[in-house]
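Numbering-wise, the sequence shown is residues 539 to 708 according to this note's numbering.
Only pairs whose alpha carbons sit at most 20 angstroms apart, straight line, appear in this in silico EDC-like list of lysine to aspartate or glutamate:
| hint | residue 1 | residue 2 |
| --- | --- | --- |
| 1 | K685 | E674 |
| 2 | K610 | E674 |
| 3 | K633 | D554 |
| 4 | K623 | E568 |
| 5 | K623 | D554 |
| 6 | K633 | E568 |
| 7 | K610 | E568 |
| 8 | K693 | E614 |
| 9 | K685 | E614 |
DEER-style ranges, computed between Cβ atoms:
| hint | residue 1 | residue 2 | range |
| --- | --- | --- | --- |
| 10 | N551 | Y664 | 50 to 60 angstroms |
| 11 | T692 | Y664 | 37 to 47 angstroms |
| 12 | F684 | F644 | 28 to 38 angstroms |
| 13 | N686 | A624 | 17 to 27 angstroms |
| 14 | P592 | T692 | 48 to 58 angstroms |
| 15 | K623 | P652 | 39 to 49 angstroms |
I should point out that these hints are in silico values taken from the structure, not numbers from a laboratory. Computed from a predicted structure; not experimentally measured. Every residue gets a Cβ at the ideal spot worked out from N, C-alpha and C, and that includes glycine.
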Amino acid sequence: RVCDLRVCMCVYNFKDLGPQIGWSTVFLAEYIGPIFTYLIFYLARGPIYGATDPTTTIQNIACAMYVGHYIKRVLETIFIHRFSKATMPIGNLFKNCSYYWGFSAFISYFVNHPLYTPAGCNTCLYIGLGTYLFGELGNFSCHIAFKNMRPAGTKTRVIPMPNSNPFTLL
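Can you make the complete structure from the sequences, with help from the hints?
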């Protein structure tokens with residue numbers, strides 16, 4: 539009899555996320571923008587600030603550190619990252635790029651300003667530079683560890699375990 543049958547109703551809701559963009563393209567757009575934004579404020583000090591004096595040693599080191607950080611991220615995106623999801627809604631790209639590019643302009647505006655006054659001790663510079671390099675090395679080694687957790691071409695997820703890399707102990 540029909541009334542004795544149990545009927546299971548399943549309702550599926552679908553949401554159109556609109557046009558999609560690949561994650562590699564997203565990361566490249568996010569990370570290339572800050573390089574150019576920073577370099578605009580660093581190289582165009584005359585037109586932006588009306589400055590004629592040369593940049594300080596600290597400003598030169600800051601530029602190398604900032605641009606180097608984002609070059610590292612671009613290279614990691616190209617050669618290291620593996621993405622579990624293929625795409626992201628393209629509308630999020632503008633939000634993400636606004637964040638990265640906007641803060642890059644904010645930081646570079648003040649660091650490259652002719653009235654920027656660095657800390658007076660070289661010890662602070664060396665401690666800061668050493669800490670930066672240690673952090674960049676740690677970040678890079680963790681990205682390598684993450685890469686090794688997911689075989690190429692799969693969506694496998696594994697629980698990270700400490701290995702010979704000392705940064706995986708954190």
